[in-house]
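Keeping their order, the protein sequence lines are chains A and B.
All letters in the first sequence, in the order written, are residues 1 to 192 by the working numbering.
All letters in the second sequence, in the order written, are residues 1 to 388 by the working numbering.
Heads up, none of these hints are tricks.
Negatives, chain B to chain A, calculated, CB over 12 Å:
hint : residue
1    : A21
2    : V38
3    : K85
4    : R102
5    : R114
6    : T163
7    : G181
8    : R198
9    : A202
10   : D215
11   : D365
Per label pair, the in silico range of CB-to-CB distance:
hint : chain 1 : residue 1 : chain 2 : residue 2 : range
12   : A       : S187      : B       : S90       : 45 to 53 Å
13   : A       : S187      : B       : S99       : 43 to 51 Å
14   : A       : Q64       : B       : H106      : 43 to 51 Å
15   : B       : S99       : A       : G105      : 48 to 56 Å
Keep in mind that the hints were calculated from the coordinates and are not lab data.
Cβ atoms here follow ideal geometry from the backbone N, Cα and C, with glycine treated the same way.
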Amino acid sequence: MSKKILYPLLALALVFFITSLAVFIQSSRSAKKEIAPSVDTQPGEEFKASSFIKFKVFFFGESQGLMKPVVYEIERPRLKEELYSRLLDIMLRGDKNFISPVPEGVKVRSLYFVAEENLLVLDFGDELTARFGGGTTAEMEFVYFIVDNLCFNFKEIKKVKFLVMGNPIKTLGGHLDLESPFYPDFSYFDEQ
Amino acid sequence: MKKKWLLHILFLLTLLIPGHALSLQVRVSDHEDYSRFVLQGDREFDYELTEGKNTLQILVKKKADVDDNTVIPRDSRLFQDIACKIEKKSTIFTIRLKSPFRIDKHVVLVQPFRVVLDLVAGEESPAEKREETDIPAPVIPNLKTDIQGLDPDKSGKKTVFDTICLDPGHGGSDLGAVGSGKTFEKDITLKVAQKLRRYIEAKLGLRVVLARDSDADIPLDSRVAVANNQEAQIFISIHVNSSSRKSANGPETYFVSLKATDQDAFNLAQQENQSLDEIEKIAAEDELKMILWNMAQAEYIRESSKLAEFIQAELNDLLNTSNRGVKQAPFRVLMRAAMPAVLIEIAFLSNPAEEKKLKDESFLDDVAASIYQGISRFIVFQSNLQNK
Chain A
1 MSKKILYPLL ALALVFFITS LAVFIQSSRS AKKEIAPSVD TQPGEEFKAS
51 SFIKFKVFFF GESQGLMKPV VYEIERPRLK EELYSRLLDI MLRGDKNFIS
101 PVPEGVKVRS LYFVAEENLL VLDFGDELTA RFGGGTTAEM EFVYFIVDNL
151 CFNFKEIKKV KFLVMGNPIK TLGGHLDLES PFYPDFSYFD EQ
Chain B
1 MKKKWLLHIL FLLTLLIPGH ALSLQVRVSD HEDYSRFVLQ GDREFDYELT
51 EGKNTLQILV KKKADVDDNT VIPRDSRLFQ DIACKIEKKS TIFTIRLKSP
101 FRIDKHVVLV QPFRVVLDLV AGEESPAEKR EETDIPAPVI PNLKTDIQGL
151 DPDKSGKKTV FDTICLDPGH GGSDLGAVGS GKTFEKDITL KVAQKLRRYI
201 EAKLGLRVVL ARDSDADIPL DSRVAVANNQ EAQIFISIHV NSSSRKSANG
251 PETYFVSLKA TDQDAFNLAQ QENQSLDEIE KIAAEDELKM ILWNMAQAEY
301 IRESSKLAEF IQAELNDLLN TSNRGVKQAP FRVLMRAAMP AVLIEIAFLS
351 NPAEEKKLKD ESFLDDVAAS IYQGISRFIV FQSNLQNK
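So here's chain A without its partners, still in its complex pose:
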């Protein structure tokens, strides 16, 4: 083989080796699934490196009316607000081993965080009011399932306000006053 062909081939092999090495290092880091605390970045800021994050999501079990934790691991999105949406996706999707207090097909249209008030505002679609089955306990289970999980996983969130189609609502099913924001009630958690 002439040197004219050998050198470019060697250079190409070197580039391939370095690239493979970089990919390997990156994938081995991902495999470790580095867990970082959920509140090291403020809303609006970008996360510095790609990593994974754990959520502890509490779902209602059949007995006692208490929520039990399930750990989920997801890749970090670029922005903190996207993380709120990811947690809400998991919560609204539910877990087959537990009972969901969320009526089927309910979606969050948008959300925003008011930093100075530590308030997360959730705007639900009108299917929430249309499909809600009624009952004080069902209403409390829904409200505290949402509020407790968000406040537990993101310590910058101290209270949650519910909107439907962009507007405040008086109640969901004629019981709890939803015009004011809700604070968490962690007594619904079976363990933390």
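Please arrange chain B on chain A, whose structure you already have, making use of the hints.
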């Protein structure tokens, strides 16, 4: 032996030392339809009211220490200022109002002892006001005395309890919870309220006002407005429960929670190990926490808790659910109630066994009888407290 003598002397000395001065605290607040003046003492006191055109004088027949932390809401609709004059044997409060007024409600509450005056602008009498409302004022029957310990007022003064407002939850297009056997919450709540009305009228001789007496759509805020306008002394909202958990069962009685409406005041109070009354004081001192004052129910939390306790105990006896307790939540229908107010969840429609029971008229009769017993026990308890 010497120690024994010393103890006797100390005991006699304590009898000679006069009790500490009466301590009074004033609170004022503006609400949607009225302005409230509360005079709270650390113990019971005698007082007289004198109404002027734009002034109201309260003469407390004792020299008192007065807490001067009263905050008049900025831009109060009615209150101009409050002056306090402490004399040798009396304490006089003079409330100056921005316009002519009338006393819409005058109640005395105990534990702690407090005089609550709800004032409205204008000189219209309550009778004239009633004529304008949709609901006619029923004739108040005489109070019967078939409940042990409950005596009619012999002084000719208005009896403390004369009207009870029952709110059958939901109605009209709002079905409430629906059972798998197509049982509607709105129908059960109306039946129980009507049965309960019969019990209260027949056995207690009290006037009962229903927030709805047919299958009608009545907004939540109008239901409590009925109770406030009719000057009811007790408000009971009747509901049937539902849960995503099929096994959920049993009755629950709720009263309003301060916690979910003003967490800052609640946290602060908890840190400092303060009472509900002190929470209210904190709220009065901080404009940001004025939200508490928008909740007429704040003044009646203690009584509402007691009422809930009595009713829940009766329902537990009926349904053999001794481990269930009284709960708190921020119910919209209770927040603006200017009287002891509770919300009862009779049983779970989402539980097939309980739905079956809820279809049974005799079970609903028993439920109404149990709630009636709870109300009676509360009335006796409150009457005994006020007669002490």
